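Asker: Listed below are the residues making up each chain.
Protein chains: 2
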Amino acid sequence: MRPQVLIIGCGCGFGGLEAARALRAADVDITVVDKTNHHLFQPLLYQVATAGLSAPSIAAPIRHLFRHQRNVTTLLGEVVALDPRGKTATLKDGAQLRWDHLIVAAGATHSYFGRDEWAAFAPGLKTLDDAFEIRRRVLLAFEAAEREDDPARRAALLRFVVVGGGPTGVELAGTFAEIARHTLPGEFRRIDPRQAQVLLVEGSPRVLAAMPERLSERAREQLTALGVQVEVGARVTSIDDEGLDITTTAGQERLASRCIVWAAGVAASPLGRTLADATGGSVDRAGRVPVEADLSLPGHPDIQVIGDLAAAMSHAPGQPPKAVPGVSPGAKQMGRHAAANLMRRLRGQATLPFRYRDYGNLATIGRNSAVVDLGTPAGPLRFSGYPAWLFWLFAHVYFLIGYRNRFVVLLDWAWAYWTYDRGARVVTQKR
Amino acid sequence: MRPQVLIIGCGCGFGGLEAARALRAADVDITVVDKTNHHLFQPLLYQVATAGLSAPSIAAPIRHLFRHQRNVTTLLGEVVALDPRGKTATLKDGAQLRWDHLIVAAGATHSYFGRDEWAAFAPGLKTLDDAFEIRRRVLLAFEAAEREDDPARRAALLRFVVVGGGPTGVELAGTFAEIARHTLPGEFRRIDPRQAQVLLVEGSPRVLAAMPERLSERAREQLTALGVQVEVGARVTSIDDEGLDITTTAGQERLASRCIVWAAGVAASPLGRTLADATGGSVDRAGRVPVEADLSLPGHPDIQVIGDLAAAMSHAPGQPPKAVPGVSPGAKQMGRHAAANLMRRLRGQATLPFRYRDYGNLATIGRNSAVVDLGTPAGPLRFSGYPAWLFWLFAHVYFLIGYRNRFVVLLDWAWAYWTYDRGARVVTQKR
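Sequence order for the protein chains is E and H. When we follow the UniProt record's numbering, the leftmost residue of the first sequence carries the number 1, and every step to the right adds one. When we follow the UniProt record's numbering, the leftmost residue of the second sequence carries the number 1, and every step to the right adds one.
Calculated from the structure, these hints are not laboratory results. One thing to keep in mind: the hints can contain errors.
From the structure, some residues in chain H lie toward chain E, with a derived Cβ separation under 8 angstroms [to be verified]:
| id | residue |
| --- | --- |
| 1 | Leu-128 |
| 2 | Gly-186 |
| 3 | Thr-428 |
Owing to the predicted nature of the structure, the values given are computational and were not obtained by experimental measurement. Heads up, the beta-carbon is just placed ideally off N, CA and C, and yes, glycines get one too.
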């Protein structure tokens, strides 16, 4: 019997997908298990939340992606327990999956920093269902405003607050402003959507904190130009169904809002703790599992943890180890590295330490606006504005999975660009 | 103040939309109220249920459709009460809308012939949420079968039953067979999707009973060629979460199935009864409101009922009145007629009786298969097979609303045609 490789997680991120693909020529049986049936292209999820793209444009059935890779079996299921001694994973319905090698790539979810009660009032953006919920809230806020006679309640309906100034928060805030300023005017008779207020609330002193300071400043300027009110150094102290309280240097402020989106914190999947408990290990503050230099679990060379679930370090020769950032390229590189180490182990070779290669960082803000920070052999290349936006656009379309999706997304964008229309303004799922 | 026209219902059908459009030059204020934010192109809804099209391809925001028609105000809301004396409609949240002229086009929903408990086991297809639910059940049945070891349970998971052999049932059954035979093989490792059984259960002696007998026979042949097992003259006597019982001339039969779809009966919207109760009238067995020759409510010339909600008659000169069939062209023609009569009333002219013009009937069965029955001045033109399928395709794309949608749908179809792939195989909404 060939070695059994079990890969947990392939839907929400790139790590599991890349690991399985990198094993395509390996003489192993791979089982990929995920709780969703589709692999999601996370970098464009905000476009579904803002009605620019339809869900199928950025999601592909996992088993479709592996249809030609005969050593992969895809299963839909949620892993709820792990037994490292018996080398079995238990699914929610009790079914068991055995492994000789396990790769855990279960990804991350939102973190409300211990205030989980905020989740009901400020949904985050990790899954397609999250995106539908945000789209529903944004579109229904405008609908309710059109029917509201009371000016204060109308203003609260037309105030959109995004908490968190990272890439997702910046993208959401910029696109909300674009919708209010460009897409909706002319369609309402009692309100002027341009009077909507979009706020971006960030706790640190600047947006896109992972970027060089100059690009953060550019991003802030571009957001302001789009009509977003950027509040940096502002801490959220409470959220309820009528609004939120923030604390700034100027003091405490109450903001009435009926549409708040949470883009402030991520935490590793709860499977990290399940794994730590099962192996007598521990997780870090973000719920991530510390791994060895070769991405294996300490004391468990048959288990590798990758992607957002891993607290991994990059080991460049002659340099001190450096934390791997929680970004897509990091997850992809870890996936390929885990597969390579697995094949080395099968051949009886020693595993190699992981080294993260940082090719740069980019974020979009809205129509024609983005910031790009690339590492090149000649030093960093940094630019912003329209060229950055074009670069961002083609980079994202290039990495989209499936030729059909690439074409459909480009088409949707071209249409949206020329008409300002957003094609996916459909509200379903009455709750 | 200009006359206030209230139109109830614009999302699920064509009647309300056509009526409002036909009033674009009228000196009136129109309020369109619907409980969904989008107008749905019903004839292609089965494509969303079978993962061929994404929801935004066949749905457009109602207010977007009316953005250039300045005399229309679009409101999202559900009408729960009507007061014909005070001429006001009450929305679910208590808000009131006054009318001088009322057009009710609230459409139809499923009917389980008094067995509403079947709804949980056999969803119908009227809304986008219905389509998502069917898509979810079909895709999850294959997923569960891949994980099922017991042969009997596996067979039940791979048996798909469509109840009702009208156009929707025929389209669904044909497409399910196409998915099992062409889309999914190669993607599973433990099951062969081609072993899935698709059953179409029809109570009457033939499918597509509204069509000429010869075309029904063609449709049945084409379904069989696609791999659908057609059971005519079969009555459903019970449905539960494990399958259904049917009675045929051969006796009683139990069919284990985990995916049953209901396409057997429609009933008018409950608003029909609300309207009848409020006006001292009554509804027919299908819940429809009988209307005068000019589509107005008896004794209420200010109220018109159109589309699937109306039990309307066609009045051709020199011929006895004939019932108007519940099809899209009927709803469209009633919408335009109601608008014309409304304008005649505003000018003090007498209203005119409605006459339905039957341009024909068409239904698709699956890839390359359809039946067409056209009325031409030279007599009926009937054809089937590939030419009928092409005719059906272009007719439907032509009537789709929005240039972008037409293009996207054609593109999706071209892709699906050449690759057998279905682009929208995404399961969301865990319940």
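Asker: Hint by hint, where does the structure go against what was stated? Just the numbers, ascending.
Answerer: The structure conflicts with no hint, since it agrees with every one listed earlier.
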